[in-house]
Amino acid sequence: MAENGADGEVVVELDNVHKTYRTGEMEVHAVRGVTLKIRSGEFVALMGSSGSGKSTLMNILGCLDRPTRGRYLLDGQDVSPLQRDQLADFRNGKLGFVFQSFNLLPRTSARENVELPLLYGVHRLSNAQLREKADQVLRSVGLAGREDHHPSQLSGGQQQRVAIARALINDPEVLLADEPTGNLDSRTSLEIMAIFQKLNDEGITVVMVTHEADIASFARRNVVMRDGLVRTDRMVTQRLIAADEMAKLPPLETEA
Amino acid sequence: MRISSTFKVAGRALQKNKLRSALTALGIIIGVGAVIAMVSIGNGAKAQVQAQIASLGENILQVFSGSITSSGIRTGFGGAGTLKIEDAEAIRREVPGVAAVSEEVFSTSQVASGNQNWFTRILGESSEYFDIRQWPLAEGAPFTAQDVRSANKVCVIGHTTAYNIYGDEDPVGQILRIKGVPFVVIGVLTQKGFSLQGTDQDDVVVMPYTSAMKRVSGGTTLRNINVQISSEDQIASAQQQITELLRQRHNIRAGRDDDFTVRNMQEVADTANATASVMTGLLFAVACVSLVVGGIGIMNIMLVSVTERTREIGVRLAVGAHGRDILTQFLIEAVVLSAMGGVIGIIAGIIASKVISMVKNWPTVISPLWMIIAFLVSAAVGIFFGFYPAREASRLDPIDALRYE
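In order, the protein sequence lines correspond to chains A and B. In terms of this note's numbering, the first sequence has 228 at position 228, counting the first letter as 1, and numbering is strictly consecutive. With positions in the second sequence counted from 1, the corresponding number in this note's numbering is that position plus 1000.
The set of hints was computed from the structure by calculation and includes no laboratory data. Nothing here was measured: the structure is a model prediction, and the numbers come from that model. Do not rely on the hints blindly, as some may be mistaken.
Below are the DMTMM-like pairs computed for lysine to aspartate or glutamate, each with C-alpha atoms no more than 20 Å apart in a straight line [claimed, not checked]:
#1 LYS198/A - ASP214/A
#2 LYS1008/B - ASP148/A
#3 LYS1016/B - ASP148/A
#4 LYS1192/B - GLU1139/B
#5 LYS1008/B - ASP135/A
#6 LYS94/A - ASP78/A
#7 LYS1214/B - GLU1086/B
#8 LYS1018/B - GLU1267/B
#9 LYS198/A - ASP227/A
#10 LYS1018/B - ASP148/A
#11 LYS133/A - ASP78/A
#12 LYS1008/B - GLU132/A
#13 LYS1192/B - ASP1168/B
#14 LYS37/A - GLU27/A
#15 LYS1008/B - GLU147/A
#16 LYS1016/B - GLU147/A
#17 LYS37/A - GLU173/A
Stretch by stretch, here's where chain B covers chain A in the computed footprint (C-beta under 8 Å, at least three residues) [said to hold, decoys possible]:
#18 18 to 27
#19 86 to 98
Glycine residues also receive a C-beta, built at the ideal position from the N, C-alpha and C atoms.
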């Protein structure tokens, strides 16, 4: 698998994971035994139609939810038996989240949004340190000069980049993205994919939920789910490079 | 463990909603302001009552002539002329615990000096009167026991009388004509203000009771006798002994009513004090209601805020906030709001009581103790009413919170 750049250690290991919800008398088997390994440096697109269990699996991967059965090892540690607050610490230290609807705090500057995970982190940082770290990450996603803008003053793509910066601030093991381009136009989606690919090239593991096949083809590996099970798990053969795709688009008259 | 960050987070959240924060705090501002203003007014009223009580003199028994029933006509206090000078002397001589006695004669009259005249109250008293009433002179000297024995034509005048007759002139040494008789003004009393009954105590001319009987009112009986008892615990027994002594002196048989009345001024004072306390209590209760309403306002806004900020809470939980971080954040927000409201409320209360005392001319006493209490109570209100919304927020499930629309 060396050609995919996925020759690192296993960071995510799901072993026969089940998730069952009870809604009244009905039992919903959202995930029915998923076994999956993701190595450091991989870029995985998790696909499937709605109801396939991909969102539930994503919540489990994100330590927002616990499996009903089976084991989940994150960075070699079993997170299945952890309590609420311990899971929170895992999310804070090892995971970064990017959401479809950005989920930035309104009326809050980009910088303060990015600082947010640091406030709940293990290390106590001074205001100056917080600021410096946040500005540095914002620069790395191309938002230098926008640090004091509020979400309402930023375009959708810029907002998603703030969210990516927030996800990166604690140097996570895995970057989890839930339909990161779902609310964006195709050009902006390419911009976001370009960032993900750049981050992945720098060695960050990315797991992205999407139902768009063309977006999935920017990843290195596609995992397709149906009815709570993994149906296909294959390497992307004709991988698209976001930077190249952007060059093919007709030029814009005005910068967004 | 990360309380400083939580303070930062809470502070940012409050700043983001300045108007809402201000309006939420307004409830507490009004509540605390009301408490402070009410307590100031209540304390002021109490202080005024106590000052008036002190101006009556300490441990005073007043013996009034009157309440006669022998002829079937009851004439009321001071009316019947049953008290004689000898009765006062007997009290002075025979009742243990008596410190001072002043025989009192009362009338009203037109008084004149030069081309000015004034209608005022004429009090005949003994020379001990000024000690009994704790009423020092602003100028000149009081009349003496010798003046009383000789029924000298001297008098001491109150501040109001002095002002109305002499204006800015010095009254001491001037002649004051009362019912055509020239009296020498030998002193001016210090200002005492209004009595509990609302009469201007400074609108008065005080002279030896002998002079008043001989030269002004013409009678030979006393309206009342002011008796000062040396200590408070002797008042009750002195009251009883005076009653027995006077019944014996007036030959009142057992079973018949007294032809005099002994009034314990301490009781009057206690009643007035109790009234003031009840008023203060009522005002305080009303103010407390507004404080509780303010607290409910905080709870209300915090609950709305938790609902409105569900997604924010979800994001915070997703990026690693513990339930306790959320709990403390919302609790801090509530407490900061209420404590700030408390501080502003204290200032508002002080201003309000100053304004009231200026406009209404009511005395107000601002109590530092109550400021501290009001502040602590407002902070406690924040904790109490902020806890429920904060707990609701901290119990949210991150997945549900993130999906919340």
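Hints, one by one, checked against the model:
A distance of roughly 18 Å separates the Cα atoms of LYS198/A and ASP214/A; the hinted pair therefore holds under the 20 Å criterion. With a CA separation close to 17 Å, the supplied pair LYS1008/B and ASP148/A stays within the 20 Å bound. Using a Cα cut-off of 20 Å, the hinted pair LYS1016/B and ASP148/A holds, with the two alpha carbons roughly 14 Å apart. A hinted pair counts as satisfied when its Cα atoms are at most 20 Å apart, and LYS1192/B with GLU1139/B qualifies at roughly 14 Å.
A hinted pair counts as satisfied when its Cα atoms are at most 20 Å apart, and LYS1008/B with ASP135/A qualifies at roughly 18 Å. Restraint check for LYS94/A and ASP78/A: satisfied, since their Cα atoms lie roughly 13 Å apart, inside the 20 Å limit. At roughly 16 Å between alpha-carbon atoms, LYS1214/B and GLU1086/B fall within 20 Å of each other, so this suggested pair holds. At roughly 55 Å between alpha-carbon atoms, LYS1018/B and GLU1267/B are farther apart than 20 Å, so this suggested pair is violated.
For the suggested pair LYS198/A and ASP227/A, the alpha carbons sit about 33 Å apart, so the restraint of at most 20 Å is broken. A distance of roughly 19 Å separates the Cα atoms of LYS1018/B and ASP148/A; the hinted pair therefore holds under the 20 Å criterion. A C-alpha spacing of about 30 Å is found between LYS133/A and ASP78/A, which places the hinted pair above 20 Å, so the restraint is violated. For a cut-off of 20 Å, the pair hint linking LYS1008/B to GLU132/A stands: about 17 Å separates their Cα positions.
Between LYS1192/B and ASP1168/B, the direct Cα distance comes to roughly 19 Å. Compliance with the 20 Å bound is thereby established for this hinted pair. Of the pairs offered as hints, the one joining LYS37/A and GLU27/A is violated, with about 27 Å between alpha carbons and a cut-off of 20 Å exceeded. The suggested pairing of LYS1008/B with GLU147/A holds, with an alpha-carbon distance near 18 Å, which does not exceed 20 Å. Between LYS1016/B and GLU147/A the CA atoms are separated by roughly 17 Å; this keeps the pair inside 20 Å, and the hint holds.
The hinted pair formed by LYS37/A and GLU173/A meets the criterion: a straight-line CA distance of about 14 Å does not exceed 20 Å. Given as covered by chain B, the stretch 18 to 27 of chain A fails the check, having 0 residues with a CB less than 8 Å from a CB of that chain where 3 are the minimum. Residues of the stretch 86 to 98 of chain A with a Cβ under 8 Å from some Cβ of chain B number 6, which satisfies the need for three, so the listed coverage holds.
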